[in-house]
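*Asks:* Here's the letter readout for the chains.
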Amino acid sequence: MLEKFEQTYNQHHEYAREWKARTGGKVLGFFCTYVPEEIIYAAGVLPVRIIGSLEPQDVSEAHIAGMYCPFCRDCLAQGLKGKYDYLDGIVMSKSCMHMMQAYRSWTIHIPITFHHFVGMPALVGKASAGDFLLAELTAFKQALEKWLGKTITNADLDKGIEIMNTNRHLLRQIYDLRKPAPPKVTGTEATAMVISSMLTDKREHSQWLSEALKQIPQRQDGPKAGTRLMVLGSENHDLELFKLIEELGANVVIEDYCMGSRYFWNEAVPENDRLKAIAQRYINRPRCPLKDVDERKRYPHVLNLVKEWNAQGVLLIQQKFCDPHEFDIPAINKFLKENGVVTYFMELDVTMHKGSVRTRTEAFLEMLELEAV
Amino acid sequence: MATQTTYKVEPLETYRWAKEVRLKHFKEVMDAQAEGHMLVTGNMNAPKDLIAGIGHYVFMGGEPWAVAMAREGAKDLFLPALEAMEKQGFARDMCAFCRTFSGSMFLGQTPFGPFPKPSFVLGMNQCDSKGKWFQIVADHMQVPYYCIDFGLPNTDGTLKPNEASIKFLLTQYHEFIDWLKKFTGKPYDESRMVHALANMYKVRCLWGEVLQMQATSPSPLEYKLLLPFFLCLEYFSYKDEVVKLMTALRDETKYRVANYITPLPNEKYRVLHDGLPPWYALYLFHFLRDHGVSVVGGSNHTMFVACAQKPRPDGSFNLMDPMDWDGIPKTFDEALKWRANVEYISNMFGLDTRVRLLFAREAYRAWKGNGMIWINDRGCELFSMGILEVKAALQKDGVPCMMYESNRCDVREWSWSQVADHMDAFLEAVGVPKSEIKKDLGGKLGEKE
Ligand code: SF4
Ligand code: SF4
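Chains as they are written, first to last, in the numbering used here: chain A, 1 to 373; chain B, 1001 to 1449.
Because the hints were derived from the structure by calculation, they are not lab data.
Because the structure is a prediction, the values reported are computed rather than measured.
We put the beta carbon where it would ideally sit given N, CA and C, even for glycine.
Do not rely on the hints blindly, as some may be mistaken.
Stated by the list, open to error - In silico DSS-like links for lysine-lysine, alpha-carbon gap of 25 Å or less:
#1 Lys1087/B / Lys320/A
#2 Lys1244/B / Lys1310/B
#3 Lys1310/B / Lys1202/B
#4 Lys146/A / Lys1160/B
#5 Lys337/A / Lys1087/B
#6 Lys1024/B / Lys1075/B
#7 Lys334/A / Lys1087/B
#8 Lys1254/B / Lys1310/B
#9 Lys1167/B / Lys276/A
#10 Lys297/A / Lys1182/B
#11 Lys334/A / Lys1117/B
#12 Lys1087/B / Lys81/A
#13 Lys1330/B / Lys1186/B
#14 Lys297/A / Lys307/A
#15 Lys1019/B / Lys1254/B
Unchecked claim - Here are the computed distance ranges between Cβ atoms for each label pair:
#16 Ala1425/B / Asn339/A: 51 to 59 Å
#17 Met367/A / Lys1186/B: 48 to 56 Å
#18 Asn266/A / Lys1160/B: 55 to 63 Å
#19 Ser1316/B / Lys81/A: 32 to 40 Å
#20 Phe1332/B / Glu204/A: 54 to 62 Å
#21 Met367/A / Asp1139/B: 22 to 30 Å
#22 Lys1160/B / Pro180/A: 54 to 62 Å
#23 Lys1160/B / Glu204/A: 36 to 44 Å
As the list claims (entries may be wrong) - One side of the interface only, derived from the structure: several residues of chain B facing chain A at Cβ under 7 Å:
#24 Gly1089
#25 Asp1093
#26 Lys1132
#27 Ala1164
#28 Leu1388
Let the hints inform the model, and build the full structure from the sequences given.
*Replies:* Quick look at the structure:
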């Protein structure tokens, strides 16, 4: 059962094509996890996150300046190469400028029938941030209605919220299984579950998760106890990286990034105004660095994860040229150290060879062993 | 090919004045505390003018101080500041204005004396860097940080205002004023604020008129000459002195147009430079001048043109539509509303590639360009955002284009030979005969200006 998640992740284009053929429905690609998938599900459309291939490419160079991150270039490259030719449209919510550029270039060069930008406040702590987001969600809903030629009702929105919340709830249960020593699921497996949830129909994915939750407690092939690590930083959807770290005897027990816990951590709390409930969910979710501009709320959340999941060390990974994280890493590193947490910084380029990751992770694990002595 | 004509060249009197205003400002910042004035630091588009309601204050803007480091502090502070940031663990590819300014803070030194401690930090979150940059400053200085968020909304790619976005700004302005009253314990005099905003409005009207005159051939001014005004426009336009300065600039430009006075004796070609220049290598513009190429404008101007023009009701934009003098805000609400609109337009310029293209095409047309240059600034996502798409679109329009990669505020990323590689073909496309294209900077390399 557990292999299903990684398999689906590896064949996500095939999955989406097959889903379309099977249901006759439309598929929308989204660029950032601040896109309100609830509304997309409510519209009867399948949202799938646009991700890169992790391979070097040379087609984005003409569109995205060289100092933008390899991830956004990789994403655009997939579109330019026709890998996402099954998408009926794309959606972006305001995140970093790197991703915004990939989105904008996509709308210029790749034929689609629908594209929409959802404004997302950065200073989510502002009293009026919710009102602004609500207006943007209303505009998004209206745009979808116009495109699809149908009305999205409250009942549809309830269904959308329910689909998302169920999946979030189940993923939280999976993450709880990473708390014991040894954890019941590896970091690689857990990450495959999260990423595959972004790429599949969540109704189906939730069934797989429920099945997995039944099977995991009985499994005999679970991970062995190792050094417990937290991974923190920029976008990363490279399962090989987790495998490599875990092959060295570590257990990745928790992480904080948008391909992991941040994606599903909190649920939408139902209220009369459905769009308001959805807006509040995105306002209140664990913050990425770009949404942590006023009071630093991200830091206590991260420290809490370290404690609750009993991580012995934190690996700070940063996508090359990722400004949002470049701004935060020195300060969060200092903060964690001040709180007695051992950290190690690693810069990554998702499209490049991972040879040096092994050596650097080994060095960190040795460091942690020495700390323990 | 354009024919050779020789024009009258006279120095721009108000240029010296603008430079004085700039230097006076640096001194004001250094003396602020000793003189009992409140010192506030923050980024370019922070709503510093709203502080006027509580009385006199001095604003230390991050970007002009970074430029001062690149110029006045070039010899002994610029590189150490960049390195100080790296020692703190910050990456070398982050915003170079941020690294220079914050590096200067970590060193505790500016070109004019010790780095002063502000009373609070005021930010406007626009690009990925501005909000985060001043978070670093507030953390290190251990002072409160107040940041305003620009909510970039969904739009149709024109300048039609988005109600929700403007309302979001307005609400935050009100909240900031409330916070300011509490923080300072001072009463807020709305009329002072309205006066400051009316000054900003007037300065933009004047600036619009000046830029309109730039459409004249030969152009009365050029890019490099406009730089110190640009600074005054963006940082101190709430001051009475800047209204006077800009009035003088407008009048002097009128005089220059009437008398065919130009900065170049031989303007033959007109190009635009998009993006802020490499501040430590402004001799690049002398090199262009030597070829009869006048840089008549650029995106920093167009961006502020945006603040000096009235978009049409359909969201389109015409460089030759300046703001109405009779729209000067008179009440508190009018002033705030006008400010939010200006903020909205200038942010849309940077953050939406479609708007950027609209501006580039319009500026090229209105200023009668013969070519367009972009700096692909490795240290600034905002100014590099969309430029490859804009360049490709203009190339399709048949515009001679050139792009060079550098970093406006990290001298380690400047290479004249790389710039020169693109220059030959560009100058030829603009119309400069191949035989007249110089290979080097004519001994200007290494000179400050
Ligand atoms: S890795 Fe960083 S820069 Fe790249 S898309 Fe993600 S947040 Fe943006
Ligand atoms: S606009 Fe560019 S230079 Fe200015 S703060 Fe943003 S990244 Fe830095």
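*Asks:* Identify every previously stated hint that the structure contradicts and give their numbers, smallest first.
*Replies:* 12, 18
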